[in-house]
Structures are given as C-alpha cells and as structure tokens.
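From the two separate chains plus the hints, produce the assembled complex.
Chains A and B, in that order, are what the protein sequence lines are. According to my numbering, the stretch in the first sequence is residues 1 to 459, in order. According to my numbering, the stretch in the second sequence is residues 1 to 164, in order.
Treat the hints with care, as some may be off.
Unchecked claim - Simulated pairs of lysine to aspartate or glutamate, DMTMM-like, Cα-Cα distance not exceeding 25 Å:
| # | chain 1 | residue 1 | chain 2 | residue 2 |
| --- | --- | --- | --- | --- |
| 1 | B | Lys16 | B | Asp85 |
| 2 | A | Lys393 | B | Glu82 |
| 3 | B | Lys16 | A | Glu424 |
| 4 | B | Lys16 | A | Glu436 |
| 5 | A | Lys393 | A | Glu436 |
| 6 | B | Lys16 | A | Glu429 |
| 7 | A | Lys393 | B | Asp135 |
| 8 | A | Lys351 | A | Asp321 |
| 9 | A | Lys351 | A | Asp425 |
| 10 | B | Lys160 | B | Asp145 |
| 11 | A | Lys393 | B | Glu158 |
| 12 | A | Lys393 | B | Glu14 |
| 13 | B | Lys16 | A | Asp425 |
| 14 | B | Lys160 | B | Asp135 |
Stated by the list, open to error - Sample of chain B residues facing chain A (criterion: CB under 10 Å; computed from the structure):
| # | residue |
| --- | --- |
| 15 | Met94 |
| 16 | Thr129 |
| 17 | Ala131 |
As the list claims (entries may be wrong) - So these bits of chain A aren't anywhere near chain B, every CB distance computed over 10 Å:
| # | residue |
| --- | --- |
| 18 | Arg121 |
| 19 | Leu195 |
| 20 | Pro197 |
| 21 | Ala234 |
| 22 | Val387 |
| 23 | Val431 |
What the hints contain is simulated information worked out from the structure, not anything from laboratory work. C-beta: ideal position from N, C-alpha, C; glycine also.
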Amino acid sequence: MPPPIATAGPLEVGETWRRLHPLSPIVRFGRVLIGVIVVAVPSIAEQPALHREGGFPVSVIVYAGLLLLGGIGGFISWLVTRWRIAEGNLQIETGFIRRQSLRIPLARIQAVDVISPLSGRFLGLAEVRVVSAGRGAEHGRLAYLTAAQAPVVRARLLALAHGLEVGTPEPVALPLLHVQNGLLLPALLMRLQVLAPGLIAIAGIAAIAAAPVVGAGAFGSAVTVLVITGLGVARAFNEDFDFAISEAGDGVRLDRGLLQRRHETIPYGRIQAVRVVEPLFWRALGWARLEVDVARQSVSREADRDAQQVARTLIPVASRDQALWLLARVMPDAHPNPPPDAGPPSRARLKAPLSFHFLAAWFGQRYVYARTGRVQRSTIIVPLVKVQSVRLKSGPLQRAFHVATVDVDTAGRRWHASARCRDEDEAVEMVRHISERARLSRRMPPPLPANPAPLPATG
Amino acid sequence: MSTVATRQILGTGELKRLSPRFWLARQTQLALFWGPVFVASIVVALIVNVSAADLLPVVVALIACFAWLVERGRYRSWGYAEREDDLIVTRGLMFRHVSVVPYGRMQFIDVTAGPIDRAFGLATVQLHTAAAATDARIPGLLRVDADVLRDRLALVGEAKATGL
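So here's chain B without its partners, still in its complex pose (with noise of 0.2 Å):
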C-alpha cells in the first residue's frame, strides 16, 4: 500500500530515497553484531561435543540472512519529499508510516549522528514540532545535504510559522 498511497498524498512532488551509503552504514551494523555471533557459534560448536550443536551456525546464519532482509525493506522504505507548504515522511516495512509535516509547525530541527554515522559521514535530521506524537525524521542524509536540509527547512518554518 505505502508506495501507491505515498504517491498519492504526494501528488506531483518527487520521492526522495536515502543515500546508499546509509545501506552501507546498516550493513556495517549488523555484520558488527552478527559477525562475533556468527564465530561465537563456530566455537560453540566446536567445543560442545552435541551433534545438535553442528547446527548452531547454520542457525545463526539464517536469522542473521533474515535481519539483513528485514534491514534491507526498512531501508527501501524510507523516503522523504519536501513540497510547497509541507514535508512529507515515509517509513516502515512492517508497520508502515506516512506522516504529513506542515512547515508552519516545526518548532525546532535537531541533526544528530552516532559513531558510525560519522564513520560514513551521515546524519539524521528530526523535525519537532509542538505534538509529541510527531514523528518526521529522516535519517540517513550525507552530512552536507542534512546541514542544507536543515536550514532551508529553517528558514520555510520561519517565513511560515504560526502560532500555537
């Protein structure tokens, strides 16, 4: 459903995908974890003289094949489109989310980066506005574009910004 309603909220705007170097940082992620699982079970194997503990590995490998799936759907379902009057932000591969983010309500814009965010030189850029439900946050942007994004959504929120 997400692509086609996405489009149709859209309208005439453009979808905007996120960096593949931000694919690169998840990855890098989840061999961080799965790797060390990964070996953790080889050696348990090894040691445990169970015939069933053989399989462990392979185990390990399929959940880990499974995550990186699951990793890969999230990261194909982000999106973003900045249109005249509002924001629109797309997410979710399971649970899919598409939320309508009027410029006029941003209240503050936060950019952060973890460790390994900075590894690859990206950020993630949050919109606030006053409804702490508000969840427009795309994460994934080089570290250029989000510093560009920020603060031409800066300046649209205060050309348009209105009251509480």
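Just chain A, with the same shape it has in the complex (with noise of 0.2 Å):
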C-alpha cells in the first residue's frame, strides 16, 4: 500500500530543475556490473599461469578498465540528467553527447508506477515511471528517486493530471484483495501450460530411472524442461508475489513482487479493456484472473520491454465471485456472463471447431463483451466509451459457412474484441448497433465508480 504522504516534505513545489539520486548509476548498471564479475572471475582463475609470468595480470587490468568507464559514463549520464514538473510537463533532460529533451503532457498520463528492484531497495531508491499514451511518446522514466521522493512524486503527477491544486494530498487507498502467496502458487502450477510440460517431464525421468537404457539424452532433455517450466513459474511467482489491490478515489493501485516490488496506479476511465482468464483446471476449482489493458504507444525498443508488463494483471488470482466483484469495481454493471443467444451459429463448428464450445459475443449498453478460447476461457470486456473503431472482416471459408468477424478496436495495445463467426446478418447489425452506442455513450458523461458492494467469501 502507498505510504499516506500528505505534505511535499523533500520535493518543494516547482520548477527548479533537480538531478537524479547520485547513486542512480550503480543500480542501472548493476546488472551489468554482476554480468561482468560473473564473466570475469572464472577467467581470471582460471589462467593463473598467465598471470605469474608479467608480475600483473593483464586480464584483471582489462576488466577494471572496463567498470572504470562504465563508471565514468554512469556518472556523466547523471551528471547531465535533470527532470522538474513544470507547464503542465514532465520534463527530462539527458544525453551528453546526443541531448535528448523529454516532455510528457501530465494530461495524457495513463498510469503512474514506482518500482524498486532489488539493488534499489538495498540502497533505499525507487524508480517513478510513467505511462503516457499516444504515437511517439516516450516513457518518462525517473530513475532512481529515494523511496520516500518517489510516492510524492507520483501524488504530484497524478494530482496534476487529475488538474488538482499541485500539492493535493494522494487520497487515502482502501485496500480491496490481497491474494495470499499460498494461493498464488497453486494456481501457477495449476496451468496446462505448466502442469504438460512438467508432468511429462517427470514421468519421462522415472521411466529413465527405472530402465536406464534409453541413455543420458534423454534424461538431460527432461531435465532441461523441468528447470525452464520451472523459472517460468518462479519468474511468475516472483511477479505477483503478496498482491495486493486497493481503491483510492482517482484509480486503482496495485502492490506486487518478491524481489522487485511495483507499485502501480491505473487511473480510473484509463482503462480500455478488462479480461477475464480461467485456465482449464482453474475452471474446475473456481478460480479467476483479471487483466486490464491501457493506451500507451507501441513499444519496440529492448530497454522497454519491461515497460510492456506494466499495469497487466488486475488480479494474478482470485475466486471467481471475487474476481467478478472486482470488475464491478473497475466496470461498473459489467456482466461477464453471455446471454443465451450469445453464441455464434452452429453451422460455424465446421469453421472453428477448436474454438466453438466458448465463442460467444455480446453487448449491451456500455459494454462490448467477446469470449473465446480453445481450452482456457477468456472473456474481453471493452468499454463502449472506449471503442476507436469498427471492423466486419470475411474471409472466403468464412462467406462459404456464411459467417463473418466483427473486430472492436481499443487504443489499448494487448487485445481487441474479437467477435468470431457470427451469422452474416447479426455481425452487420452488430457493426451498425456497436458503432452507434459507442458513439452515444461518447457523448454521455463518464459513469461514477460504483457503491461499495461487500467483499464474497473465499470459495
């Protein structure tokens, strides 16, 4: 939960320019600067025979001389960095030689996160990164802050971005779920795409074990699989860690992560699409995930494909009443269950048969729903208000089963609903009533979040 930080306190109001925490460069490279201890202490024990000859070993020369410039170049890219909120930006200036001037419109900001990786929380600093939304805009990125710089970092920006007073307190967050590790763990070991892999696997080591000619290949393949299906869970694992979601007045704020922790806010009304996802087994134990999409701009570059796990999981997993209550919170009036006519028609099991059993599209007033999956159920939830365009697609096997596509597109980058196979005829109409109510329900004003409901029981 976001430390309640009522006064600017280190930051005053302004304009004045300010630097980064001088220690910022040591946890940006200090990946790097593992990486290269890694690589260069076995290397240099082992050609001792090297070293004895010319007094010094050149080797270790070499590698200090590395870590020295990549000192020096930590500490100019400091040097030359500076950041203030002023005119309705956020501004960031950085480059020594290339000078590079950031300026991101606290109006287009999307979501706002403070992450302290592992390195950062030894040393006390944390990163306030933000999301802004549009074609060619960048991340703002502020890294490192103290950790006690950062959230009134974020309250600033958020409260400028809301167009508050600049020193408005961050509301006060009500927690809402808190997934327990004990839960957390479980359901990621209850996926197919982990319990196939690991299971065969496994049987494929005690057959070894037990007849032990087919050799040590094969052995070593399983062992392979078992230790990435393995990290897979445990990267997860380590994600998602002591979730936790609370409410706070202007969004959502999401608490999560072993050894990094993110703290994550999504404003409310930012939100372009929710998803449902109940996994296989996770449909016979009643259990739910929740993902939400927001706008942001397309990201290529290697350094932000962080960025792109940022403000994704609403919920890692939850109980499904828990779960649906919570995206009564952040859609108010969603109703993720498909009416009865929501089907597509049956001719088209010929045309997706994998898919058939959960296709299924609908929507009423304010919501878009579209459901598919082949063995894991996923249902998207896009809100009308948030519909960018309309699209009836049909290839030529689908004009011979006489069914058709209709696409609703979201500014949010992960998904679009996708109305598969409907009869001809309905995905006209759907076209024609969905672009229509979007429209209406652009010029109505934005519903308020909903009444507090109880929280269901664990079940």
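So, in structure tokens, the structure goes:
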C-alpha cells in the first residue's frame, strides 16, 4: 500500500531542475556489473600461469578498465540528466553527446508506477515511471529517486494529471483484495502450460530411472524442460508475490513483487479493456484471473520490454466471485456471463471446431463482450466509450459458411474484442449497433465508480 | 457478402469508388513487372533447347492475366463513405473488410504518394486512431480530392474530438 503522504516534504513545489539520486548509476548498471564479475572472476582464476609471468595479470587490468569506463559513463549520464515538473509537463533532459529533451503532457498520463528493484531497495531508491498515450510518446522514467521522494512525485503527477492543486495529497487507498502467496503458487502450477511439460518431464525422468537403457540424452532434455518450466513459474511467482489491490478515489493501486516491488496506479477511465481469464483446471476450482489494458505507445525498444509488463495483471488469481466483484469495481454494471443467444450459429462449428464451445459475443448499453478460447476461456470486456473503430471481416472460408467476424478496436495494445464467426446478418447488425452505441456513449458523462458492495467470501 | 453488408451498414449513405485513374496506375504497375518477365520468358524459351520451355511464355502470360484479374477485383472492392459521424472504408477481395472509424477518434491523417501514384496525380489518405489495428486507408484518390478530403476530415475530427 502506498504510504499516505500529505505534504511535499523533501520535494518543494516547483519549477527548479533536479538531478536524480547520485547512486542511480550504480543501481542502473548494477546488472552489468554483476555480469562482468560473473564473467571476469572465473576467467581470471582459470589462467593463473599467465598472471605469474608478467607480475600483474593483464585480464584484471582489462576488466578494471572496463568497469572504470562504465563507471565514468554512468556518472556523466547522471550528471547531465535533470528533470522538473513545470508548465503542465514532466520534463526530462538527458544525454551528453546527443541531448534529449522529453516533455510529457500530464493530461495524457495513463498510469504512474513506482518500481523498486532489489538493488534499489538495499540503497533505498525507487523509480517513477510514467506511461503516457499516443504514438511517438515516450515513457518518462525517473530512475532513481529516494524511496521517500518517489510517492511524493507520483502524488504530484497524479494530482496534476487530474487537474488538481499541486499540493493535493494522494487520496487514501482502501484495500480491496490481497492474494495469499499460498494460493498464488498452486494457481500458477495448475496451468496447462506448466502441468503438461512438467508432468511429461517427470514421467520421462521416472521412466529413465526405472529403465536406464534410454541414455543420458533423454534424461538431459527432460531435466531441461523441467528447469525451463520451473523458471517460468518462479518468474511469475516473483512478479505477483504478495499481490495487493487497493482503491483510491482516482483509481486502483496495485502492489506486488518479491525481489522487485512494483506499486502501480491505474486511473479510472484509463482502462481500455478488461479480460477475465479462466484456464482449464482453474474452472474446476472456481478460480479466475483479471487483466487490464491501458493505452500506450507501441513498444519496440529492448529497454522498454519491461514496460510492457506494466499495469497488466489486475488480480493474478482469485475465486471467480471475487474476480467478478473486482470487475464490478473497475467496470460498473459489467456482466461477463453471456446471455443464452450469444453463441455463434452452429454451422460455425466446422469453421472453428476447437474454440466453438467458448465463442460468444454480446453487447449491452455500456460494454462489448467477446469470449474466446480453446482450452482456456477468456472474456474481453471493452467499454463502448473506449471503442476506437469497428471492423467487419470475412475470409473466403467464412463466406462459405455465411459467417463473419466483428473486431472492436481500442487504444490498448494487448487485445481487441473479436466476435468471431457470427452470422452474416447479425454481424452487420452488430457493427451498426456497436458504432451507434459507442457514438452515444461518447456524449454521455463518464459513469461514476460503483457503490461499495461487500466482498464475497473466498470459495 | 461485402457489397450487401456494406449497403446495410451504410444505410442511406453513398459509397464512393476510387478514381479510374487508380486502375490505370495499378495496370501500369502490373505491366512494369509482368512485361519484362514475359520478355525474359520468351528469351529463355528461344535459348533453351527443350521443347517444354516453349510453354514458359504461355504460363507467364496466364499468371499475368490472373494477377490482372485479382488486381481488378481488388480495385473494385475499394470504397469509402463519409457519414455524419464516421468514415466507412471497405476493401479486400478474398478477405473482405468493412471498417467504421468515428471522426472523433482520429488522431492524425496521412497523405502519401509513391512515384507511380505521383505520375498519375494520385495520393493515399490514411486515418490513424489510437488503436494500432485501425486500418482506414483510402488509396487512389486524385491529389486534389485527397487534399480536400484530408482538410475536411481534419475539420470534423477537430470538432468531434474525444479523449482516450
């Protein structure tokens, strides 16, 4: 939960330029440093004969020189980087040889995150990351500020983004849901993409142990599969460890992470789409996951791959009732259970034999719903206010079956609601109604957050 | 399906087709590619002393005809309509698309023209929304029409603009 900070404290209101924390380069290049040490130490240790000849070992000098260069580079980059919040922008200036000046209009902020990587937590540092919308827009990264400064900067950015006074304190966050780590781990394991390779590998190892004729090659590949699967689970566990979601007046707050703690903020009204995901075994156990999509630029650079993960999971696992309750908090009046006539015509079974049983699409006064999936059932919910464009598509095979697909696009990057294999006439009606209702809903005032309802008990 | 469906989505609106000059430009493009290929196939047929090689120019000509037919179908499938609140674009021969883009969602408009387009005085108008998947592109407009369309779209877009 974000600490309640009322006063600006260590950060005065203002237009003055500030530097990042002096220890920033160390955290930033910490990974590189560890990498160099991992490579350097064994290689130095392996060649003792070379070293004794000429007195001082050459490779040590080379590595020390590399580290020194990296250190100087990091220091210079810190020296020339400065930032301020002024004129309705977050302004960041950086670059020694190629100066770069970044202006992020606060009105376009989609989400603000505070991220504390492991090394940063030791040094008491945190990063503030601003996700803004629009093509060519950049992610504003303030890496790093002190752990005390970061929430203040976030509060200020959010206050300005909502058009409030600069000194407005961050609204108090009410805890909504907390995911027990004891539930998260089995939930992560109970997914088909983990269970299938895991069990096959274990069965393989058992078979080899029982009849060791097969040889070491098969054993090695089985172990590799097991390790890769395990690493995937460990990464997901590390990401969503101690997951807590809380609600402030202006949006939802997510806190998660084992080694690297993330504190994400998703303002209300910036959510482009929500997805309810129910994997095969989770359905039997009555579990579900919620994911959100916010507007953002197309991310292509390597450095931003991490940013793609930002503000993605709304709840990693919860009972279906709780997930739906949470859904009602972020999208009032959304009902992700399809009406009886939401399915495609039965002739579509031949066109989409594997996903036919889950295919469904329907729309209400405020949302468009599209359910898809072969093994895992996923329902995408798009508010009509967020609809960017509506498309009708049909391929030659679809025309043979007299069906068509209706795509509903949003500014989010992850999904669009796709109503696949609808009856042709129905698809045309859907395009007409959805674009008409989207037009009307753009003129209506945005809906207020729902009244608090009691949280259903874990079931 | 496409024409009927487009009519139904359109309602009372009028679907505008592309300029015939665009078809001329496309045919030129086809000729620029298939002409040399055809000549080359004749040369190969004359040089190579295998009887089967004589069929080569015929095959090339058939493929070129097929490409011409496909291109003609594509040209005919294009269409757009400016309605009160949105723009409708249809395209595609095999995979047919009908896109409905509200003016209020437009982020910016591109007008582009390649070398052949320029030679024929044509241009392409493309609408961009915040959604990457939006594919509202109208090729083969007369340069003048493209500029007028762009300005008109920009004007209504500004009047009806809505935030994300």
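Here's how the hints hold up against the structure:
no., hint, result
1, B/Lys16 x B/Asp85, "17 Å, holds"
2, A/Lys393 x B/Glu82, "20 Å, holds"
3, B/Lys16 x A/Glu424, "23 Å, holds"
4, B/Lys16 x A/Glu436, "22 Å, holds"
5, A/Lys393 x A/Glu436, "18 Å, holds"
6, B/Lys16 x A/Glu429, "22 Å, holds"
7, A/Lys393 x B/Asp135, "12 Å, holds"
8, A/Lys351 x A/Asp321, "33 Å, violated"
9, A/Lys351 x A/Asp425, "17 Å, holds"
10, B/Lys160 x B/Asp145, "22 Å, holds"
11, A/Lys393 x B/Glu158, "29 Å, violated"
12, A/Lys393 x B/Glu14, "21 Å, holds"
13, B/Lys16 x A/Asp425, "23 Å, holds"
14, B/Lys160 x B/Asp135, "20 Å, holds"
15, Met94, "5 Å, holds"
16, Thr129, "4 Å, holds"
17, Ala131, "4 Å, holds"
18, Arg121, "33 Å, holds"
19, Leu195, "33 Å, holds"
20, Pro197, "32 Å, holds"
21, Ala234, "32 Å, holds"
22, Val387, "8 Å, violated"
23, Val431, "5 Å, violated"
Of the numbered hints given earlier, the model fails hints 8, 11, 22 and 23; all others are met.
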